[in-house]
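Q: Given only the sequences and the hints, what does the whole structure look like? Please build it.
Listed in order, the protein sequences are those of chains Y and F.
Just so we're aligned, residue 1 is where the first sequence starts under full-length UniProt numbering, counting upward by one.
Just so we're aligned, residue 1 is where the second sequence starts under full-length UniProt numbering, counting upward by one.
Heads up, a few of these hints could be off.
[To be verified] Under the rule of at most 20 angstroms between Cα atoms (straight-line distance), these lysine-lysine pairs were calculated in the PhoX-like manner:
(1) Y:K259 / Y:K239
(2) Y:K543 / Y:K560
(3) Y:K219 / F:K536
(4) F:K87 / F:K103
(5) Y:K219 / F:K87
(6) Y:K312 / Y:K259
(7) Y:K365 / F:K570
(8) F:K332 / F:K271
(9) Y:K282 / Y:K312
Derived by calculation from the structure, the hints in this document are not laboratory data.
Note that the structure is predicted; figures quoted are calculated from it, not measured.
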Amino acid sequence: MPTNVCTAKASYKKAPGTLELTDTHLQWSQDGKKVPSVRVPYHEATSLFCSKEGAAQVRLKLGLVNDDNGHNFTFTAPQAVAYSERETFKRELTNIISRNRSTADSNANPAAAPPPIVAALSASPSKAPTPRPAVAVASASRASTSRAPSVSSDRRTPILPGTDAASDFRLRKKVLMGNPELASLHRELVMSGQITEAEFWEGREHLLLAESATESQRKGRPGQLVDPRPQTVEGGEIKIVITPQLVHDIFEEFPVVAKAYNDNVPNKLSEADFWKRYFQSKLFNAHRASIRSSAAQHVVKEDPIFDKYLEKDDDELEPRRARDEVADLFINLGATLEDHGETGNQRDITMQPGRQRGALPLIRKFNEHSERLLNSALGDKPPAKRRRVGGGDGGNDAYGQLDLDDLHDPETSVGIILEMQDRQRYFEGQMASAAAVEDARKKAFDVRPIFKEARDSLVSWEYNLNQLKLERKPGDAALLSMTQNVASRLDVKSKKNEMPPDLFIQLTTCQTAANEFLRQFWSAIYPPSTETQTIAPATPAQKATKAAKMAGYLGKTHEKVDALVRTAQVEGVDSIRVQVAMKPILDAVDHALAFYHTRSAKPTKGIN
Amino acid sequence: MKFFIDNLPIIFPYDRIYPEQYAYMCDLKRTLDATGHCVLEMPSGTGKTVSLLSLIVSYQQFYPTRRKLIYCSRTVPEIEKALAELKRLVEYRISCAETPEEKEKEQNFTGLGLTSRKNLCIHPEVSKEKKGKVVDARCRDLTNTAVCEKARQDPGSVDICDWHENLGQLEPGNLITPGIWTLADVLQHGRDNKLCPYFTIRRMMPFVDVVIYSFHYLLDPKVAEQVSKELSKDAIVVFDEAHNIDNVCIESLSIDLTRPMLDSAARSVTKLGEKIEEIKTTDAAKLQDEYAKLVEGLEEPASEAADEDNFMSNPVLPDDLLNEAIPGNIRKAEHFVAFLKRFVEYLKTRMRVLHVVAETPLSFLQHLKDITYIERRPLRFCAERLQSMIRTLELNRLDEYSSLQKVASFATLVATYEKGFLLILEPFETDNATVPNPIFHFTCLDPSLAIKPVFERFSSVVITSGTISPLDMYPKMLQFTPVVQETYPMTLTRNAFLPLVITRGSDQVAISSRFEVRNDPAVVRNFGSILIEYSKIVPDGIVAFFPSYLYMESIVAAWNDMGILNEVWKNKLIFVETPDANETSIALENYRRACDNGRGAVLLSVARGKVSEGIDFDHNYGRAVIMFGVPYQYTESRILKARLEYLRDAYRIRESEFLGFDAMRNAAQCVGRVLRGKTDWGLMVFADKRFARADKRAKLPRWINQYITEVASNLSTDMALTLSKLFMRTISQNPNENQTGISLWTLEDIEKAQAKQRELAIISEQDRGEAADDEYGDGGIEDEMLVDLDLDF
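A: Put into structure tokens, the structure is as follows:
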């Protein structure tokens with residue numbers, strides 16, 4: 001019996017009931033019913049939304065892993081009580097959700113998931129911003145939380161499905177959902193019990209692998225600058241919605257804010273105060289990516305806490321932070337500058353860099369931001385993409401950059417020596433036989449008689465051409481046959497959709513099922529291919545039984561087709577067309593069966 | 001592969017060759033045979049450097065005279081690339097050598113590159129200095145003869161540089177093993193063996209077969225005096241990437257003075273005075289000695305002074321040096337100091353004027369004489385006299401005297417040249433500035449002055465680049481007669497690049513960087529949408545160039561506020577060129593990483609800026625170049641106005657013609673950086689309505705211009721995008737057709753071409769023999785033949 005953490009009266013989809021939080025689930029049961037109609041396991045909860053305080057109804061919305069719409073609960077108790085109840089739920093659920101997130105992106109910055117808050121700012125300079133309590137708990141949308149903190153840290157090798165039954169099942173389900181045809185085949189064969197689940201997936205591992213690879217691939221950081229733009233709400237107030245993702249981004253982009261956060265929260269400032277003051281501080285203004293920050297200037301106030309962290313604008317010609325010189329002389333611009341003493345007149349004012357003072361910190365910010373993004377994606381690893389295929393000899397980079405690769409003779413490459421026994425003899429033999437063929441050809445083609453023949457045949461071509469007369473009858477016949485041909489084709493085109501849809505579906509299913517059996521059959525007969533990864537290669541005995549089983553199924557294909565033909569007759573469709581349609585598959589089945597029978601006739605050979 | 005041009009065996013380090021490379025080599029050889037000068041334009045990225053080096057090294061190794069090669073390039077990255085290319089060529093030659101003697105001959109082939117002390121210093125303390133000037137000064141303090149002498153007599157009494165000292169123990173001319181050394185190699189060699197890389201190279205200069213350094217080392221008299229003096233006259237001089245050579249020439253004879261400089265110079269003069277007083281009491285004989293020497297005539301020829309002792313040489317060209325004794329009124333040290341003081345004071349007074357003054361050197365000298373009684377003759381010796389005095393006084397930390405040296409150079413230059421120079425005093429930086437920040441420009445207007453000694457001294461000068469159209473402009477501006485003048489089209493089996501001219505945005509508003517409209521929001525937005533759209537469709541790297549720093553900085557800020565950059569961030573990372581060179585290098589490095597990684601990036605930079613020169617954006621580093629606006633110079637600049645006037649009067653080059661030429665060569669230079677090799681591809685977007693005009697496009701190099709179709713010369717953004725997408729779809733497919741024989745030649749193709757050429761030659765010879773007997777082998781006919789060959793094949 002699960003213990004209840006908290007309960008409250010709440011309505012769901014307008015039906016009154018009870019909302020309960022047990023230690024594993026959040027559940028809601030309609031009044032008068034015993035079994036809860038909504039049960040949400042903890043690990044599925046991803047986000048939480050609450051109605052504004054003072055709203056007519058006290059609501060709570062829970063977003064789920066696979067469902068952003070989630071569940072909406074309305075607390076039905078009198079408002080004061082409802083409010084406190086909601087707070088209890090909120091507290092508990094927030095904890096659960098943040099736990100979920102931290103497991104989801106286990107290496108996210110621990111500071112990434114503080115309880116989400118909204119800071120409300122007053123834009124009117126005259127009245128001091130009245131600290132309003134957090135209006136609503138906003139949460140990052142799923143898209144932003146599912147983002148990988150850094151792509152490089154999440155590059156795990158795809159695990160072979162099957163190691164974890166649950167995840168394997170999930171993958172299969174996803175593959176089937178994404179591929180309706182495969183799903184219908186699966187329904188047809190597996191659910192009807194004709195072949196087992198494992199058999200079905202055998203030879204289709206690549207689909208699962210691909211799926212798990214796509215799943216494990218995380219979206220990298222978006223390129224945009226972290227520049228929270230305030231939204232103006234009515235009443236001259238400015239609102240900035242802070243999501244955990246934004247907080248994370250701000251900390252990463254401006255380490256000084258992270259430092260300030262660590263220094264001041266929660267001792268000196270509360271979480272909410274911290275953000276409120278930050279967005280009003282000069283520090284925030286310095287971080288904004290705009291040189292037109294004067295618009296917000298009047299909001300900016302002295303702030304003893306944040307002004308400590310303020311740095312001077314980086315708008316000198318030389319950057320404030322000196323960096324190491326670039327070692328690669330091929331791109332070292334400074335070396336050119338120092339190559340000779342300065343000469344000449346100074347450049348005209350349009351060509352003097354850094355005349356627009358305000359733009360410099362911005363430009364530096366761009367460069368730094370891009371570099372940071374790049375580092376977060378690459379780490380210190382060498383570039384994944386080789387610069388040029390086959391460029392450079394022996395990895396000599398300097399030459400690689402200079403090389404004009406199309407000037408190399410492609411045939412002069414050494415190539416890979418084919419390792420095989422008695423190579424010499426093999427090639428000698430080849431050469432000998434080739435030489436023999438060549439000789440034979442030489443003998444065969446003595447050109448002179450051919451020339452002669454050709455010349456003779458052309459002697460009186462003009463006369464021959466004049467003699468040429470077309471007989472009427474064959475001409476007519478040809479024309480007639482052509483007309484017929486066109487007519488029949490037109491015919492086929494016009495009655496293309498004559499087949500009743502039901503029958504058509506039956507035909508297709510029959511066809512795909514037979515195909516699947518054939519696939520299974522041949523995969524059991526042939527030695528396993530080395531390219532596809534299989535979970536566990538079947539033993540010969542297993543394969544033999546499987547082949548037998550499949551042969552059995554295949555044997556029934558004829559009956560099925562006959563049945564279909566009969567149905568077609570009932571439906572009034574030309575049964576020959578059905579037969580024609582099913583002919584190829586029947587041929588394939590016959591071939592397989594014939595192969596099977598001959599093979600089983602001489603069992604000594606066996607399958608290996 | 002190995003083939004012959006006439007009877008010269010060429011070793012080319014690839015299995016195939018582009019037809020234009022072959023034609024280029026043929027023309028180059030003709031120039032060398034004729035011992036004349038040439039102007040050659042070869043499409044960017046078709047392996048100009050390797051063909052040039054391959055031919056010249058073959059030439060050097062084949063003929064017993066072994067003419068030295070002086071190869072000049074613009075930037076250190078280009079110097080390093082040329083060295084690496086040379087190194088690989090020589091390695092290939094060694095591997096191709098047939099006999100042991102040949103092999104040895106190839107192995108003894110030596111090539112070095114030279115750059116500044118700042119770039120080559122490995123002294124643990126000195127190399128940490130940020131400024132090149134300081135590194136130079138500190139290096140001199142540790143390495144000059146006097147200090148070394150002292151250290152040898154009394155070890156430990158003075159600081160010396162061990163790395164430099166170790167060099168002295170080696171046999172001169174054998175400081176480094178023969179072979180090709182890139183700058184990075186020499187640095188590593190220096191670290192491994194505790195030898196000074198800079199002086200290793202300097203002292204090896206007379207012994208090497210190839211020297212690679214920047215234009216300034218040959219053109220700037222202040223540097224050339226020290227570095228390039230001993231180079232023999234039969235050397236082959238190559239100016240690669242020479243499209244800006246006229247600017248380098250002008251720069252090397254121009255000087256700026258500002259008020260802080262004059263203040264610092266005045267302080268230095270006072271310091272000198274004090275020092276002289278001090279020496280008078282301690283070592284009066286020294287001064288007396290110097291005086292005696294000066295009376296006798298020139299103190300000592302600079303060639304006798306060791307490299308380590310040179311710190312400042314005469315800023316005037318060797319022909320203009322006076323070979324006579326220093327005038328009497330500045331021979332005495334204290335007199336000279338008083339003289340300098342007066343001159344600096346005079347300049348300071350001139351700076352107080354609050355209106356713009358432009359005057360010729362003659363009128364300046366006249367005014368100077370009226371006010372201060374300073375004559376022209378002593379002024380002309382100013383630099384030399386200062387040099388002698390500093391040497392006598394054995395001063396340390398010369399970087400502190402750099403302003404004074406500049407003033408002295410100014411004095412000498414202004415007193416030496418009358419024609420082709422102008423003095424401009426600008427009291428305010430801009431027209432609407434209120435706080436005076438005066439600058440005294442002494443500006444050279446005639447680029448032919450600085451390069452004249454080079455043409456006179458060396459028999460073969462090769463001027464080459466990817467973009468020096470129109471070709472006749474350079475001989476006109478630099479005043480020389482080339483024996484060969486050639487531009488090569490690019491042979492392509494499929495169009496590897498797509499030049500597009502966007503004249504209006506999708507909203508049909510004309511776009512232009514013309515001053516009146518460039519900050520119009522519609523134009524800014526349309527420029528922005530070009531960047532956004534291209535960042536969506538182009539893979540890997542995009543490079544965008546702006547006409548000026550001022551414009552780039554303002555437009556970047558505007559784009560950010562308009563949310564345009566936010567759109568770009570969605571597709572690519574953004575890197576921007578900054579005023580600091582090292583910071584920009586780091587941005588560039590990251591840009592390349594982003595391109596390699598596949599994330600893709602946009603690099604915003606400036607035409608004529610740091611990035612536009614010497615950095616390649618080949619393959620994935622640049623799939624599209626966008627040129628926002630026409631990179632015209634700032635036409636309000638007084639210096640430019642003066643220069644235009646001079647060009648018009650002296651060489652009959654119209655102002656608009658020169659401005660257009662200059663803008664287009666820079667635009668071509670920017671877009672030309674996307675290609676390297678014929679399998680590479682890229683888009684070249686010219687976004688300005690003025691590019692649509694035929695007279696503008698005619699100034700683009702032929703190899704770019706021939707691929708601009710009528711349709712592509714006047715597009716709106718959306719049309720350009722459609723064309724670009726189509727282009728990328730076709731170019732990304734594997735080219736099935738074999739390029740060999742058309743845009744790639746094998747050895748057989750070369751031989752075929754040569755056979756055909758011989759045939760033609762015989763025919764034309766016969767024709768000519770019939771027509772006129774007296775006309776004899778002017779070589780002109782061969783040009784036409786080569787062009788024909790290109791078209792036929």
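Q: Each hint should be assessed against the structure and marked as holding or not.
A: We went through each hint and held it up to the structure:
1. Y:K259 / Y:K239: Not satisfied, since the Cα-Cα distance of roughly 24 angstroms exceeds 20 angstroms.
2. Y:K543 / Y:K560: violated, 25 angstroms
3. Y:K219 / F:K536: Holds, because 18 angstroms separates the two Cα atoms, which is no more than 20 angstroms.
4. F:K87 / F:K103: Status holds; Cα separation ~15 angstroms.
5. Y:K219 / F:K87: violated, 45 angstroms
6. Y:K312 / Y:K259: Judged against 20 angstroms, a Cα distance of about 17 angstroms means the pair holds.
7. Y:K365 / F:K570: Judged against 20 angstroms, a Cα distance of about 16 angstroms means the pair holds.
8. F:K332 / F:K271: holds, 16 angstroms
9. Y:K282 / Y:K312: With a Cα-Cα distance of about 11 angstroms, the restraint between K282 of chain Y and K312 of chain Y holds, given a limit of 20 angstroms.
The structure fails hints 1, 2 and 5 (numbered hints given earlier, in ascending order).
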